[in-house]
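Here are the chains, one letter per residue:
2 protein chains.
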Amino acid sequence: MTNPVTENRRHFEDLAVGEVINLGTTSVSKEMITSFAREFDPFPFHLDEKAAKESLLGGLASSGWQTGGLSLRMLVDNFLSKIASCGGLGFTDLKWKAPVMVGDTIGGTATIAELRRSKSHPQWGIVTLDFDIRNQKDKPVMSMRLANLIECRTPETAA
Amino acid sequence: MTNPVTENRRHFEDLAVGEVINLGTTSVSKEMITSFAREFDPFPFHLDEKAAKESLLGGLASSGWQTGGLSLRMLVDNFLSKIASCGGLGFTDLKWKAPVMVGDTIGGTATIAELRRSKSHPQWGIVTLDFDIRNQKDKPVMSMRLANLIECRTPETAA
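Protein chains in written order, with numbering that gives the first Met the number 0: chain A, 0 to 158; chain B, 0 to 158.
Just to be clear, a hint being listed does not mean it is correct.
In the DSSO-like style, the derived pairs of lysine-lysine whose C-alpha atoms are separated by at most 27 Å in a straight line are [unchecked claim]:
| hint | chain 1 | residue 1 | chain 2 | residue 2 |
| --- | --- | --- | --- | --- |
| 1 | B | Lys29 | A | Lys81 |
| 2 | B | Lys49 | B | Lys136 |
| 3 | A | Lys118 | B | Lys96 |
| 4 | A | Lys29 | A | Lys138 |
| 5 | B | Lys118 | A | Lys96 |
| 6 | B | Lys118 | A | Lys118 |
| 7 | B | Lys138 | B | Lys49 |
Note that these hints are calculated values from the structure, not bench results.
Because the structure is a prediction, the values reported are computed rather than measured.
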């Protein structure tokens, strides 16, 4: 049974380990940082410029969770919306390597690290992606590994 | 040198492995789900009720990244704002176990799994927290392990 929403998108069988997805870039404004922080991470170093200057971060910086959310959005726009994605399973090894400051532009790549079929659900596969997110100076700011469900064209066990 | 912002808060030495932090609860509305999804995770099953009903999730469900953000906010309110926290380092083993649907109330605990001093920065310690996030039916919806920096009262290496 084909899925009318996803039938024309790339499926599990169309992906290859080592494929590199260019995530494009996103610029991070003061308003983005403070509005996200008010909702999810209300620390002075994400909300108040003076407090931020005196903190470890040395200036107003985005919540690490926001950096992750923006990276996810870049993956949706550049990859997940073009494949037969069924949703995320989880993340591992997320590391915040450097703060993302007001005015920074972040971007980077996601590389397919692993492809395996679900044992319990032969109609699905799992694609594992390694993120390398950097700022405009090419300095790494975040890495993480995402596991995402994807439909298989042919549900049988791979040969 | 004491930090005037954090000196009256709990420091590294005041925490113990096994301490359980009650995170309280947060209710998740349709408006919260769709506004987060529009910004970070614009999939039909997070935005459109009809498409969501026909998806794997069976109804409008929050972005997993939003469930994580709401859990982080509960940790800030109930723990991080009361300790001498210097910011997050990263997390690992995040698993989305069940969808969070419109009208669900999520909550749970974070348990101190590990406490260690930084080798390179004797003024800091690292507290590792295991999240167990459940819905109103006590069904697990998300787990993850967060590593967070915290000031030590006494910077010397622990005996």
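Cross-check of the supplied hints:
{"no.": "1", "hint": "Lys29/B to Lys81/A", "verdict": "holds (26 Å)"}
{"no.": "2", "hint": "Lys49/B to Lys136/B", "verdict": "holds (25 Å)"}
{"no.": "3", "hint": "Lys118/A to Lys96/B", "verdict": "holds (17 Å)"}
{"no.": "4", "hint": "Lys29/A to Lys138/A", "verdict": "holds (20 Å)"}
{"no.": "5", "hint": "Lys118/B to Lys96/A", "verdict": "holds (17 Å)"}
{"no.": "6", "hint": "Lys118/B to Lys118/A", "verdict": "violated (42 Å)"}
{"no.": "7", "hint": "Lys138/B to Lys49/B", "verdict": "holds (25 Å)"}
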